[in-house]
Amino acid sequence: MSRLIAIVEDDLSIRENYADALRKQGYQVTGYADRNEAMRAFQTRLPNLAIIDIGLADEIDGGFELCRALRGMSATIPIIFLTARDSDIDTVSGLRMGADDYLTKDISLPHLSARIAALFRRLDAAQTPAAADDILERGKLVVDLNRMRVTWADAPVDLTVTELWIVHALARHTGHVKHREQLMRDARMVVDDTTVTSHIKRIRRKFIEVDSGFDCIETVYGMGYRWKSE
Amino acid sequence: MSLLGKLHSRVRLSIRSKMLLVSCVLLAIPWIAYRYAGELERILRENQETAVLNTARAIATALNDRPSLFIATRHEAALDGPNAIIAYKLPRPIALDGRLDDWFSQGAELRALGREHVIEQALDAEVAPITLWHASGVFDTDLYAAFEIIDERLVYRAATHARVDAADHIRIGIHTPWGELRRYIVSTEAPGPVTAFQVPTDVTGVASAQLEPRIQGFWQQTNRGFNLELRLPRALVGARLGFAFADVDDPDSRTIRSIVGSIGPEGSESLGTATVPPPEAAQIVRSLARPGTRVWIIAADRRLVTRSGSLRAANAERPDAAEEHSQGFIARVEALLRPLYRLVIPPAPTLAVEPEPYAPLYFGSEAEAALSGRVVSGRRPLQGTPIEVLASAHPVWADERVIGAIVVEETTEGVLAVRQRLIERLLSLALGAFFVVGVALFGFATHLVIRIRRLRDEAEQAIDSAGRLRTVTASSAAADEIGDLSRSFSSALDRLAQYTQYLESLATRLSHELRTPIAVVRSSFDNLKLQTLPPEADVYVARAEQGLARLATIITRMTEATRLERMLRDAERERFDVRAVVSGCVEGYRVAYPTRRFDLSVPEAPLFVSGVPDLIAQMLDKLVANAVDFAREGSAIGVELRAAAHEVTVTVRNEGPLLSPQIKQRLFRSMTSVRPQAPGEEPHLGLGLYIVQLIADFHHAKVVARDRTDVEGVEVQVQLPRLVSDPG
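Protein sequences, first through last, are from chains G and Y.
So the first sequence is residues 0 to 229, counted in numbering that gives the first Met the number 0.
So the second sequence is residues 0 to 727, counted in numbering that gives the first Met the number 0.
Be aware that a few hints might be false.
Simulated pairs of lysine-lysine, DSBU-like, Cα-Cα distance not exceeding 35 Å [to be verified]:
1. K227/G <-> K200/G
2. K227/G <-> K205/G
3. K200/G <-> K701/Y
4. K139/G <-> K227/G
5. K528/Y <-> K23/G
6. K205/G <-> K139/G
Hint data in this document are derived by calculation from the structure and do not stem from the laboratory.
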């Protein structure tokens, strides 16, 4: 049975374009123009993944409300914000509300489908044992690409998909400096340098929550970041 | 340009100076005062003339129909002619000391006996070489007489000569009340007290002279001759009296050369009438005359009946003499200022001496006119002073006949003094008013100027160097035009701020609004690519995607500054080594711009500053990107880090075009770009240096861009405050 993806987006063209593209990849897609319509449908049946725009019709923060409500219904359902709003505040609030990823509308369809696939993979991988070749181990760090999970000294680090890709890109070549542009490419983001900076900041914080002595991501000023082995 | 315009452009007058200039209009007050004083003087003169005339009229009216006063003297005058002797009624006794000033102070005059009074003269004598002045007066029971003799050769009585007349001597002839004619001679061996000798009436009897102790006198030699004062008991003198001076010039022969006087050598026939002025007339005059007034009563034959008063008496009541003693504040200030006034206005003239004190007769034309029956007024200047003498003459009538005339004289001295005082007072008031108004205007102008200056300063700084707006608060509460102006400024700035805010948010909103259609286009293309397209379509799809990518970049850049501002608001500062940041960044640039050469100069020791290292790196990115864009082909980009005691200076240099003057001021403002837009390049929105400014402001740093002095090029300096204290 194919997975059901809900797209909540008030712009008909975008909604239909995304829906078309995803359908072609074998997903079942339903589109909703506003929050009420989506909520009604979700109460009947939860989708397997939701792509939500923040501004919905006349509700500026309708997407946030919807996300909160959806997370209330299911703790595991993957939620992606796909929005035109790129400010840090919006990103942070979106992710705090339990979204798994926060993407801006600059993203191309192949990137979007890669994200979706990754999220589903993480969902699936939770049930199946990990394949060895998809696991990256750097000291205390373990990046399980199958499950889309990161652990630090066996403790799970709750990263979004974007953040996971960044950590993965850094850790794959320890000691190598990764430019912001490279990281953006690896993380499949189309955002500016400062966004990378704030992502790195968040990643550090998340690791520090697990281990206060964490100091593996080093800033190389003017160039980028590198993963420092302990 | 007009002359006034030129002047105006050259001389910059402040509001205060202008107000002071305007207040100079007040200086017209002293001028008005001066004109007013002149007018007042004219009125006072007219009044004085009227008053003088009224006095003359009053006296004349009082004397009208009292011919006895005039006729009596007239009768005797006719009898005696010029030999009449007027004895003044003296208020005080005369001191017998030979000095005549006590006579003058009592208003008496000396009467001259000149050529027409020569009685006897030696054949070889010069014509009238001597002059006799005399005056006489009555006090109580005594008759006084004074003589001023002008004689170049004085001959005193010699002890060897027994004759009392063998020297210069005064002869006195008296008709006693009992009808006896007596003759006396006064001569002396030396100046000093003298006593008269009575001589027999016949000529030969001189030798048998005997002392008359009742006639005392004092002989005082002067440089022109001698003065003699005599005192006779009134009881001795009857109706007639005469004096003469006998001059002896040769001390050897001791012959009399000439005799001058009102007395003949032979007998009583030639003695004059001793007339005491009628007391009623004097009393009337005294009761009607005013101080400072001189009154002449003239008989119809032009003979002076009496004269009283003095023109100088007014001196005692000089108004400003009284003023000088007053204690008022204004008076004291005036007394201080008076020397100043003296420089501008000459002091009021004062009468030093009584004019015409000796005049035996009044010969003025006014008297002539009055004696012919007319009432006249006239004025004559006193020589050497601006003072004039006013004279009014009025005839005295009796039975349709003019029996005499009254002449009243006054000087304009009092009027001039009043005018003087008026001018001084008005001048003081005007100066006071000028001072008070000037101070008030100056204070007011200062107050205005301070407010306007504050407003101007605020208005000047209303837009700071980064183009941010502040509100104008100076005078904003005042309910006047300056308050209105400041409120207008404030509201204009508010509107401007709103507009700026709108413009600033426009970028964010625009980028947000554009994202959705871009997403539509992009997703459409993505879908399209999944279709099988004719091969020639690929190139167009590729171009469309290129365009999309550029659009996306534009949108990202547009929001960059806004995002940065938002980020700065909640950025956390940390202590970091700026040297590491700069070195690291330059390493990165060497990679990022492989065609460029970078000259890095950093000090040995770490340099700590407080801030966000990422931001510093970002700032450096922008500066270097800018430098690279403008650098001449093949030239090096210089990045230098220098440390001073309290600051760290980061300098980025490049060789290339200089800063254009018009851009210098607003180089670091938003949306300022000087580069020509080249096709295919990344778009320039002029936000790079604005971001530099934002980051610098966040770090309390100063950014300066200037032309290089060593080569043609530009350098940008960022001065960061240095953390000196060691955290350890």
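Task: Structure versus earlier hints, numbers of those that do not hold, lowest first - done: none
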